[in-house]
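Same order as they appear, the protein sequences are chains A and B. Following our numbering, the numbering of the first sequence begins with 315 at its first residue and continues without gaps. Following our numbering, the numbering of the second sequence begins with 20 at its first residue and continues without gaps.
Note that these hints are calculated values from the structure, not bench results. In this text, all values refer to a predicted model and were calculated from it rather than measured experimentally. Errors might be hidden in some of the hints.
Using 27 Å as the maximum straight-line C-alpha spacing, the simulated DSSO-like pairs for lysine-lysine come out as follows [as the list claims (entries may be wrong)]:
#1 203(B) - 372(A)
#2 50(B) - 214(B)
#3 203(B) - 46(B)
#4 102(B) - 186(B)
#5 50(B) - 372(A)
#6 46(B) - 214(B)
#7 372(A) - 221(B)
#8 203(B) - 94(B)
#9 94(B) - 186(B)
#10 214(B) - 372(A)
Here is what each chain is made of, one letter per residue.
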Amino acid sequence: MEFDLFFFWRRLLGLSVAIYCLITTADRLRGYWRLLHGEERHWGYARRYLVIQLLRMKPREVAWELAQILFLLSVVAALIWGHRFVPGGG
Amino acid sequence: MAASLEDLSDVELRGTAEDIGLEPAAKEKRKELIARIRARREIIDEVSREEFARILRWGGEEVKDFHAKGLLVRKFYRMNFRKTLGLSPEDLRIVARLHDIEFDDETPDEEIATTIEASAKRWTDVLKRASGRVVGFIARQVAGDGPDETLEAPEEEEKAVSRSLKKGFKAALRFSMDDYIAEKLDEIEARIDRKLDELDRKMDAWRTREVRHRLRIIKYTIAATVAVAVISILYKLVVR
Numbered sequence: 315m316e317f318d319l320f321f322f323w324r325r326l327l328g329l330s331v332a333i334y335c336l337i338t339t340a341d342r343l344r345g346y347w348r349l350l351h352g353e354e355r356h357w358g359y360a361r362r363y364l365v366i367q368l369l370r371m372k373p374r375e376v377a378w379e380l381a382q383i384l385f386l387l388s389v390v391a392a393l394i395w396g397h398r399f400v401p402g403g404g
Numbered sequence: 020m021a022a023s024l025e026d027l028s029d030v031e032l033r034g035t036a037e038d039i040g041l042e043p044a045a046k047e048k049r050k051e052l053i054a055r056i057r058a059r060r061e062i063i064d065e066v067s068r069e070e071f072a073r074i075l076r077w078g079g080e081e082v083k084d085f086h087a088k089g090l091l092v093r094k095f096y097r098m099n100f101r102k103t104l105g106l107s108p109e110d111l112r113i114v115a116r117l118h119d120i121e122f123d124d125e126t127p128d129e130e131i132a133t134t135i136e137a138s139a140k141r142w143t144d145v146l147k148r149a150s151g152r153v154v155g156f157i158a159r160q161v162a163g164d165g166p167d168e169t170l171e172a173p174e175e176e177e178k179a180v181s182r183s184l185k186k187g188f189k190a191a192l193r194f195s196m197d198d199y200i201a202e203k204l205d206e207i208e209a210r211i212d213r214k215l216d217e218l219d220r221k222m223d224a225w226r227t228r229e230v231r232h233r234l235r236i237i238k239y240t241i242a243a244t245v246a247v248a249v250i251s252i253l254y255k256l257v258v259r
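So that you can see chain A by itself, here it is in the shape it has in the complex:
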């Protein structure tokens, strides 16, 4: 299979974004783990406050954003699925 610059760029972009997402998510999770497992008193307060904030969150307030995300995700899925019907490399 011959080398194609576009497909190379596409793979490189996908790989770098995946690594970036992995590192960022791991870092965030580590932060939350510390929040939820700290034994000091202030972490206890922070934990309770976080739970309260989560419970008080109203999904209706961000419903429009969530709907848009779901729509875009379905478009991405459709496009990826559509690739197999177009002959060519990559």
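Following the hints, position chain B against chain A.
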């Protein structure tokens, strides 16, 4: 009243209850207290401003024409009804109603008066009465008002009376200062509570804004992915 009882903080609610003569228990639930306040307010609404003014004037309180009914109500519940001599039968019944004392049309006035006086002993601050007695005792001792003590010279008697008066004034001043400080502290506490509520509301708005912002970032990322996928599919169509 601008804010409804449900919107008030615990401190403000307790303050409101105390203003209309209720004594909220330490572990009393909000709903129960609100119900009690409403019931008491209904009774207060049945009594006119003029009737409150008349009772307050009987108690030696100063009532000006511009004083609102709310202020008169607060003054009324600070009054001492340990002695009800001179109160008209109509006013006696008003006082009894305003203190949730049960009676009917056939209950004699004397019985109502006795019940009010007996209950008033509970309403008044025990500590204040005790300190009042101590001050009175000291004043009597200094003034020599006791049965077995007599003062010889009138100058000395005058001095003793002056001393006792000074002490009395001091005690009265201290009591009113204590009341004033307690009232101010309550006000400050209520103000802090209001500020905290406001902060909480701001935090809520900030949290929603922050979540929306994060979701928007995710949305833009997915939109970029869609764009790359479209370019990719077009590219495949072109180069095939």
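Each hint, compared with the structure:
no.: 1; hint: 203(B) - 372(A); in the structure: 38 Å, violated
no.: 2; hint: 50(B) - 214(B); in the structure: 23 Å, holds
no.: 3; hint: 203(B) - 46(B); in the structure: 24 Å, holds
no.: 4; hint: 102(B) - 186(B); in the structure: 25 Å, holds
no.: 5; hint: 50(B) - 372(A); in the structure: 25 Å, holds
no.: 6; hint: 46(B) - 214(B); in the structure: 24 Å, holds
no.: 7; hint: 372(A) - 221(B); in the structure: 15 Å, holds
no.: 8; hint: 203(B) - 94(B); in the structure: 17 Å, holds
no.: 9; hint: 94(B) - 186(B); in the structure: 26 Å, holds
no.: 10; hint: 214(B) - 372(A); in the structure: 23 Å, holds
Consistency with the previously given hints fails for number 1 only.
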